[in-house]
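Undergrad: Assemble the whole structure, with the sequences as input and the hints as a guide.
For what it's worth, my numbering labels the leading residue of the sequence shown as 1, then goes sequentially.
By construction, these hints were calculated from the structure, which means they are not laboratory data. Hints should not be assumed to be uniformly reliable.
[Claimed, not checked] Computed cross-link-like contacts, EDC-like style, restricted to lysine to aspartate or glutamate with a CA-CA straight-line distance of at most 16 Å:
no., residue 1, residue 2
1, K128, D116
2, K112, E137
3, K203, D178
4, K18, E74
5, K18, E218
6, K18, D54
7, K45, E55
8, K128, E97
9, K229, E218
10, K203, E28
11, K112, D91
12, K45, E71
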Amino acid sequence: MIRVQGIGKSFGGQSVLKGCDLEIASGETMVIMGQSGAGKSVLLKIIAGLLTQDEGSVTIDGRHRHEMGEEEREDLALRFGYLFQGAALFDSMTVGENVVFALRRHGRHSEKRLRDLAEERLGWVGLKGIQDRNPAELSGGMRKRVGLARAVAMEPSFVLYDEPTTGLDPVTAGAINDLIISLQARLAITSIVVTHDMASVFKVGHRMAMLHQGRIIETGTATSFRRSKNPVIQQFIHGRSKGPISVL
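TA: See below:
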């Protein structure tokens, strides 16, 4: 289980997260949704350990991250896979080198094993046979798939997706959503998906959480969200603009 409690984070004196609370159960896919600039990506990076919160705590499987020693935090980091919004591939490396970047950094496998693993993980995302190509040769959708292959290269316990379908056409976005579902089933992982794409929200999520004005204002299933009487959620789901959104 992942539990965040009372998370606060500010940048340049501007508060982004204000006492954010959320629990994600082992093996589920939690979708965090909210308007652009709501702090979704900031929360995701704090959960992954890429940012440090100003206040509050992050608990992973019963252990507070701030209570861990350096070695334990490093071991925990290896349990997280992260798909960045723009895929964040290294253009100076081949596709295969990108996929096994973390594995090579930790020196756990021979070069032959790394190539075999790169080919296998690329096969998982439908890109077998391209590991010697350069990222610059790939389309946006292919780059996202390579980023996803890298995220699961070490067979992590948790995979975090930051806007996985942003900038993609509907067909490619649907294919990425299908991959999120298939990899969750293949690896029995806990997934957290940050998005404002409603097609993704309802397709991949077991549960969802609405982030608004720095706090999680509601969590639930797709059915409960569709039936929610909260005007923030209804406006977001249906894409209606009725002036500034506020919690009633």
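Undergrad: Hint by hint, note whether the structure agrees.
TA: Hints and how they fare:
1. K128 to D116: It holds: about 11 Å lies between the C-alpha atoms, which stays within 16 Å.
2. K112 to E137: The given pair, whose Cα atoms are some 24 Å apart, is violated under the 16 Å limit.
3. K203 to D178: holds, 8 Å
4. K18 to E74: violated, 27 Å
5. K18 to E218: Holds - the C-alpha atoms of E218 and K18 are around 15 Å apart, at most 16 Å.
6. K18 to D54: holds, 10 Å
7. K45 to E55: Status holds; Cα separation ~15 Å.
8. K128 to E97: Given pair K128, E97 holds - Cα atoms ~14 Å apart, limit 16 Å.
9. K229 to E218: holds, 11 Å
10. K203 to E28: Status holds; Cα separation ~13 Å.
11. K112 to D91: violated, 22 Å
12. K45 to E71: Measuring from Cα to Cα gives roughly 20 Å; hence the hint is violated.
Hint compliance for this structure: hints 2, 4, 11, 12 are not met, and every other hint is.
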